[in-house]
Amino acid sequence: MSDTILPTAQKPINDRRDSQVMLSRVANSLYWMSRYIERAENVARLLDVNLQLMLDFADLNDEQLKEHWLPILRSAGDEETFFKSHKKADSASVTEFLTFSPENPNSILSCLFTARENARQVRDQISLEMFEAINEAYLFLKSKNAREVWQSGAHEFYGQIKNYSHLFQGLTASTFIRNEGYEFINIGKLLERADKTTRILDLKYHILLPRVSDVGGAVDAAQWQAILRSASALEAYRKFHVEDILPKKVAEFLIFSTTFPRSIRSCMQHLDTDLHRLSGKERREYKSAEERAFGKLLSDLNFLTIEDIQAEGLHEFLQKVQETLDRLDDHIYREYMYHPPVDIQAEILLHQQQMQQQQ
Amino acid sequence: MLTDSYDRGDFFDEMFDDAGPVRPHYQNVAEHLRSLDEAEYKRKQTAVDLSFMRGGVTFTVYNDDQGTERIFPFDLVPRVIPDTEWKRIEAGLAQRITALNLFLHDIYHEQKILKDRVIPPHYILGAKHFRREFMGFNVPKDIYVHICGTDLIRDRDGNYLVLEDNLRCPSGASYMLENRAALKRAFPELYRNARVHTVDEYAADLRRVLQYVSPPSLTTSQPNVVLMTPGVFNSAYFEHAFLARQMGIPIVEGRDLVVRDARVYMRTTSGLVPVDVIYRRIDDDFLDPTIFRPDSLLGVPGLVNAYRSGNVSLANSIGTGVADDKVVYYFVPKIIKYYLDQEPILPNVGTFLASEAEDRVFIMENLEKLVVKSANEAGGYGMLMGPWATREEIEAFREQIRANPRNFIAQHPISLSRHPTWCENGFEGRHIDLRPYILYGEKITITPGGLTRVALRKGSLVVNSSQGGGSKDTWVLQGDS
Chain G
0 MSDTILPTAQ KPINDRRDSQ VMLSRVANSL YWMSRYIERA ENVARLLDVN
50 LQLMLDFADL NDEQLKEHWL PILRSAGDEE TFFKSHKKAD SASVTEFLTF
100 SPENPNSILS CLFTARENAR QVRDQISLEM FEAINEAYLF LKSKNAREVW
150 QSGAHEFYGQ IKNYSHLFQG LTASTFIRNE GYEFINIGKL LERADKTTRI
200 LDLKYHILLP RVSDVGGAVD AAQWQAILRS ASALEAYRKF HVEDILPKKV
250 AEFLIFSTTF PRSIRSCMQH LDTDLHRLSG KERREYKSAE ERAFGKLLSD
300 LNFLTIEDIQ AEGLHEFLQK VQETLDRLDD HIYREYMYHP PVDIQAEILL
350 HQQQMQQQQ
Chain V
0 MLTDSYDRGD FFDEMFDDAG PVRPHYQNVA EHLRSLDEAE YKRKQTAVDL
50 SFMRGGVTFT VYNDDQGTER IFPFDLVPRV IPDTEWKRIE AGLAQRITAL
100 NLFLHDIYHE QKILKDRVIP PHYILGAKHF RREFMGFNVP KDIYVHICGT
150 DLIRDRDGNY LVLEDNLRCP SGASYMLENR AALKRAFPEL YRNARVHTVD
200 EYAADLRRVL QYVSPPSLTT SQPNVVLMTP GVFNSAYFEH AFLARQMGIP
250 IVEGRDLVVR DARVYMRTTS GLVPVDVIYR RIDDDFLDPT IFRPDSLLGV
300 PGLVNAYRSG NVSLANSIGT GVADDKVVYY FVPKIIKYYL DQEPILPNVG
350 TFLASEAEDR VFIMENLEKL VVKSANEAGG YGMLMGPWAT REEIEAFREQ
400 IRANPRNFIA QHPISLSRHP TWCENGFEGR HIDLRPYILY GEKITITPGG
450 LTRVALRKGS LVVNSSQGGG SKDTWVLQGD S
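One line per chain: the protein sequences are G and V, in this order.
Numbering-wise (numbering that gives the first Met the number 0), the first sequence opens with residue 0 and increments by one.
Numbering-wise (numbering that gives the first Met the number 0), the second sequence opens with residue 0 and increments by one.
Some hints could be false.
Stated by the list, open to error - Below 20 Å or equal to it, Euclidean Cα-Cα: the simulated EDC-like pairs (lysine to aspartate or glutamate) are: (1) K141/G <-> D48/V; (2) K143/G <-> E68/V; (3) K10/G <-> D260/V; (4) K143/G <-> D48/V; (5) K43/V <-> E188/V; (6) K87/G <-> E62/G; (7) K141/G <-> E68/V; (8) K87/G <-> D61/G; (9) K336/V <-> D105/V; (10) K183/V <-> E128/G; (11) K86/G <-> E102/G.
Source of the hints: derived by calculation from the structure; they are not laboratory data.
Here the structure is a predicted model, which means the values were calculated and not measured.
In isolation and in its complexed conformation, chain G is listed as follows (with noise of 0.2 Å):
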């Protein structure tokens, strides 16, 4: 078995002692602590805008309902799931599914759920204030209040789930050991971010009304706005656009930003620095095929500009990128957290053997 071959998490002896080293189910839980708490926040500004830019569109039908929820149902939820259970995806009914189901494993509740389990799991590795704010958001998301309040005002109810996660962030940030475990959970949020940036920049391809006469009127300035707030960027967007909300120029905003912390390019960047300081590598050198993958999709986009994308389809662009991202976390897990699985029969009886062999 030669080093090369084997994921690092699978090399055999190594005489560290030292307080630094991490179980690999313990890197996994961070990751995907993190990795929910930043979905569900997601997930609470799209339900969030969506809702209140169907305000300014009260008289659709069902089928323009539809045509509305169904992509945005598609980029963060399940689409199948969704229609086991329902006939009609309106506001209502995508609303609910996408905050409260159980059934639905990225719902809001779900997300924080499983954040809450997987934080427990590494409750003696985090602080006691990262456990505490997400064990509030959970106990919130568990008690019947929470649903009163989302009735009584669904913008209050986003607004505090997206509290829980950016005090939980905060916390992370000021209270949490910078150790590998940082690594993971930075890894964690970065990469569920750019995904979920690319997503929802791709709402505008599948969503709302494609009709020609809506192009470049009201309606289309407004869903082009929603894109901007659902990934939190409106007002970042301003700083640097003064003039009107054009639909190029926010997809080259939301792509190549090297400033606003939630475009796809800002996220790689940080991402790139994580995974660096995870493997040990020099700044441009990767570790594995995916990233190579991921290194050569960020230098890209040090070079393309908006124009090469849309010759290409943002559509299209922006699949690669969450492909790209796909593989990276296959590649994570199993660089760091995979162990093959222990058959407990056949370990019992090599043990049984060795021991009739002592005696």
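Since the structure of chain G is provided, determine the placement of chain V on it from the hints.
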């Protein structure tokens, strides 16, 4: 708040003496409680409950598929022990753990105590937790029980008696520490004025014990110590995570460990890292499916062999359960006499063995007056409280005793001392016990205080968390008042 209408009843009351006045060591507490109004007291109680819930200071309720988590109810009125009284308890506990360690060594080596007929051999050799496989095995530093929780109660006259020893995986130390932290937040001034011994050293002491018993073959001075838990669904998971955090050691599950060439490794992001000492919060039976229960998914195949090879230490050692068998409990005073030639400082509760013909006759004739316990159960399970039981329950136990007398002991019910405790309509007396924690490493360390458990249901004598029990902070004063 604490009014003259408080009913002491015919019990030993911790706060008030029989004639009426507040005992000297409770003056501070009583005065403070009198000065509080009810609303303020309730506010403090709510704040503490909320902080426990938020911080996840909870236990998981078994037999509930919702995975319900509850807080262990915490009563704000502290239980106070004067210095002199504590010194005696401390001496008694040290004496007891010393004798029990000598006993365990003897049982797993020469068995002199059996040969001298101090204990009939069949009680030990047939005991459920006796591990024949470990005969002749030498444990590191010759210490078997590193962590011990001994349950003490007080009788009508206030004498401390030992109710049981917990020599396997005693739990509750985290609540001792959390209760203290909560009480300091609720009553900072009262606490400061009372001059109380701190309990904060527990985790550091425990860590020192675990390091001390590392394998003799280990060359590094920094052993890799881990805490092994059955997992997040175990009712005591909070405690496992809490103690690991306090000690700064990793918490591991069976699936995080693997044994190769009689060495234990943990599976980390940077490869397999050797483990030297395991503070295991998992019973013998589940440690290693190769040796014990083959169906156990919690354990690690090969762990016992690594232990036998001297490559990893376990705290507590394997096979200590034989000494907290309730039948062996009966013999502890004799054990103390035999190994130390001393009288026990802390006496036992008077006990009858169902397997002794004479005792059995007495037990069968007096079931409705006695407390009957299974020899190997914990947590208040497998118990008959004769005076409060229905006829059916009594008859069911009679059958069980007849079928398997070795498995039962009986005791006269001890009324347990009572302590003012907040109940819905003010302070009422509730029965309490005390579980101090004893650590045995380079020396014996007993954290001043422990976990006072309180039976919150009116009249109840069962203090277990699984059966309506709560807890209190326990203060050992630096003086006697």
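Here's how the hints hold up against the structure:
1. Of the supplied pair hints, the one linking K141/G and D48/V holds, its CA atoms being roughly 17 Å apart against a limit of 20 Å.
2. For the given pair, K143/G sits about 17 Å from E68/V by alpha-carbon distance, which is consistent with the 20 Å threshold.
3. This hinted pair checks out: K10/G and D260/V have alpha carbons roughly 16 Å apart, not beyond 20 Å.
4. A C-alpha spacing of about 19 Å is found between K143/G and D48/V, which places the hinted pair at or below 20 Å, so the restraint holds.
5. In summary, the hint linking K43/V to E188/V is supported, as the alpha carbons are separated by about 14 Å, within the 20 Å threshold.
6. For the given pair, K87/G sits about 10 Å from E62/G by alpha-carbon distance, which is consistent with the 20 Å threshold.
7. At most 20 Å may separate the alpha-carbon atoms for a hinted pair to count; K141/G and E68/V meet this at roughly 12 Å.
8. A threshold of 20 Å between alpha carbons decides the hint, and for K87/G with D61/G the separation of about 8 Å falls inside it, so the pair holds.
9. Only pairs whose Cα atoms come within 20 Å are accepted, and K336/V paired with D105/V is accepted, the gap being roughly 14 Å.
10. A distance of roughly 19 Å separates the Cα atoms of K183/V and E128/G; the hinted pair therefore holds under the 20 Å criterion.
11. Simply put, K86/G and E102/G have alpha-carbon atoms about 16 Å apart, close enough for the 20 Å limit, and the pair holds.
The structure agrees with every numbered hint stated previously.
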